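Asks: What follows is each chain in one-letter form.
Number of protein chains: 2
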Amino acid sequence: MSHIVSYQHLRDFTREVFVRMGCSPADADTASEVLLSADLRGIDSHGVARLTGYVRLWEAGRINTKPNIRIVHETPSTAVVDGDSGLGLVVAPFAMAIAIQKATAVGTGWVSVKNSNHFGIAGQHAMMALEKDMIGMAMTNASPLVAPTFATERMLGTNPIAVAIPANEQPPFVADFATTTAANGKLEILQRKHEEAPTGWIQDKDGQSSTNPHELKDGGALLPLGGDRDHGSHKGYCLGSIVDIFSAVLSGANYGPWAPPFVSFLPLAPDPVGQGLGHFLGAMRIDAFRPADEFKSHMDNWITRFRNATPVAGEKVLIPGDPEREMETERREAGIPLLEAVVKDLQEVAGKFKLNF
Amino acid sequence: MSHIVSYQHLRDFTREVFVRMGCSPADADTASEVLLSADLRGIDSHGVARLTGYVRLWEAGRINTKPNIRIVHETPSTAVVDGDSGLGLVVAPFAMAIAIQKATAVGTGWVSVKNSNHFGIAGQHAMMALEKDMIGMAMTNASPLVAPTFATERMLGTNPIAVAIPANEQPPFVADFATTTAANGKLEILQRKHEEAPTGWIQDKDGQSSTNPHELKDGGALLPLGGDRDHGSHKGYCLGSIVDIFSAVLSGANYGPWAPPFVSFLPLAPDPVGQGLGHFLGAMRIDAFRPADEFKSHMDNWITRFRNATPVAGEKVLIPGDPEREMETERREAGIPLLEAVVKDLQEVAGKFKLNF
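Residue numbers (the UniProt record's numbering), protein chains in the order written: chain L, 1 to 357; chain B, 1 to 357.
Okay, chain L solo, but in the shape it has when bound:
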């Protein structure tokens, strides 16, 4: 059974929760917009379903709702931002705005962030660049759930990469993907449905292929994109590692197995190698390379040509961002479906802050 809630109602409720947690009205507005962009775009695992998780992290003293987010080092095209333990939902847009400013000044801007928390969906931050005729990029490290090729130990997060590229008449190209075969959210769906996972998504505690979606509870791990060595899992391991290093080693955050867990009941590593989680955000001004109109009309051509590539019988060739954009149109109109369990969580959060949901 699912409940349909309007975007506006969910947005107002979420904003108010962040205010009650101590966020400024402006920060609560940003945080609720970023969080709910996941629900709008159909990435239900990263949206309002996580609100209770953020509340618990705040209760555990791991989120500072009045952070002094600031640049601690910079050059004309780079900066390191200290998120001061703030919500990643607020820290990442702050950092992306700096990347955009630097791109405006010198062509590109690149910001590595330390001392942050989970930032919602990467695509939302990357897309901030589009209206400025820039290419946007966003990545983050995350709780260690992924085993490198040939390892049984969980060393990396699902470490997503997002790249948003503007077009002219066509909608933008927006890639946003975990560097694993399947995101953890997809496993959670299988768990709820009591279904098996395809091979290549997970391994058991000994590193053997498994189809049991509960394997992570028993010491198993998610697999890097590729699945196994024969199918290029070393490439997914490379990608997840690059995200980890750009986000955390470059900024001074915790990297690899030291990355702080999202769930508040898991302890932080006793021997941190940095501060909080890390992100990496980038912006490249199109006209730092060629006139924006020229580029965007070639992007129209690129997108049209790929969308019209000969399809496999009965299938349709998609452009990155197509499914999420269609979902957003639908859900802004028809509302956002919430699972019973999510509604219960939100009611619990409402009770905590004496709000109605």
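Just so you know, not all the hints are guaranteed correct.
[To be verified] Per the computed footprint, the stretches of chain L lying under chain B, defined by three or more beta-carbons under 8 Å from a beta-carbon of chain B, are:
no., stretch
1, 148-154
2, 168-177
3, 200-211
4, 252-265
Note that these hints are calculated values from the structure, not bench results. If you're wondering where the values come from, they're calculated on a predicted model, not measured in any experiment. Virtual Cβ for every residue (Gly too), placed ideally from N, Cα, C.
Guided by the hints, dock chain B onto chain L, whose structure is given.
Replies: Structure of chain B alone, referenced to chain L:
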């Protein structure tokens, strides 16, 4: 049967071939170094085995050995380079040097290149940044052999990505991989051995999974990293597309199915959308983010921790770049093994230029 040839002999021969094709001594030196870096690092498909391919492209008038390689547009952190149909083996190092100069000045440098040709292995260009205490990146588009998810048509190249990151006491992290399940070179090896390919590497002309390594000759295609939709092939398709757009749409080169083929017997697209092939090169100064010594000692820690991750029984956890570095040490000492077919090709090239091999 394989022949072992010393690096020095192969290097001298290759340099002389480039000189006879009309390259300046300096360009011939660079081109031979870049081409042979593939043989040294064990990526035999991209090394001297391709020398005859470059010669044929030159004979077909598609390579200009006296190019006027130049910047056609720039900002403090970006440039577009016109390769003037030169050897990618020469054009890419020229562009990477500009990226490094710009990073020296403003923190990062990003160069998109048009009107070039195949540039050898991406990793070699990315690694140019290491000795400057910079992170290096290199990517290129290539002949269309890869079908997007749900397509039967070949729209993208194997479009590799390389990222090189310096450490202190540990050797550098060097990732260099095609954005497909398996590179075309691996299929060629199976063809020669008359062996089947694993599922997930290729599809037939109707988009059905195939294990026949000759499938490309019959209208089949390589598959994006992930293999199929269930295993994340849409992510590999995203990666290949990003490489194509950064390398070719940003610079004004041919993109997607318009990318010029490496083999001279295939015609160029009759309706080009740009000039030649495209590359994208980047450099980020470490100390544009944090002190280089601090970063590099954390990289030592990252590398050591990952190398010591609990392994699957009987396996060893590797750091990106480990196998290629070990191969290079071995081959610099013991020489480079060449297949009979490659030796014959090189003897034919030798005959053409009245050289000995």
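Asks: If a hint holds in the structure, say so; if it does not, say that too.
Replies: Hints, one by one, checked against the model:
no.: 1; hint: 148-154; in the structure: holds (count 6)
no.: 2; hint: 168-177; in the structure: holds (count 3)
no.: 3; hint: 200-211; in the structure: holds (count 4)
no.: 4; hint: 252-265; in the structure: holds (count 4)
Hint check: no violations occur; every hint is consistent with the structure.
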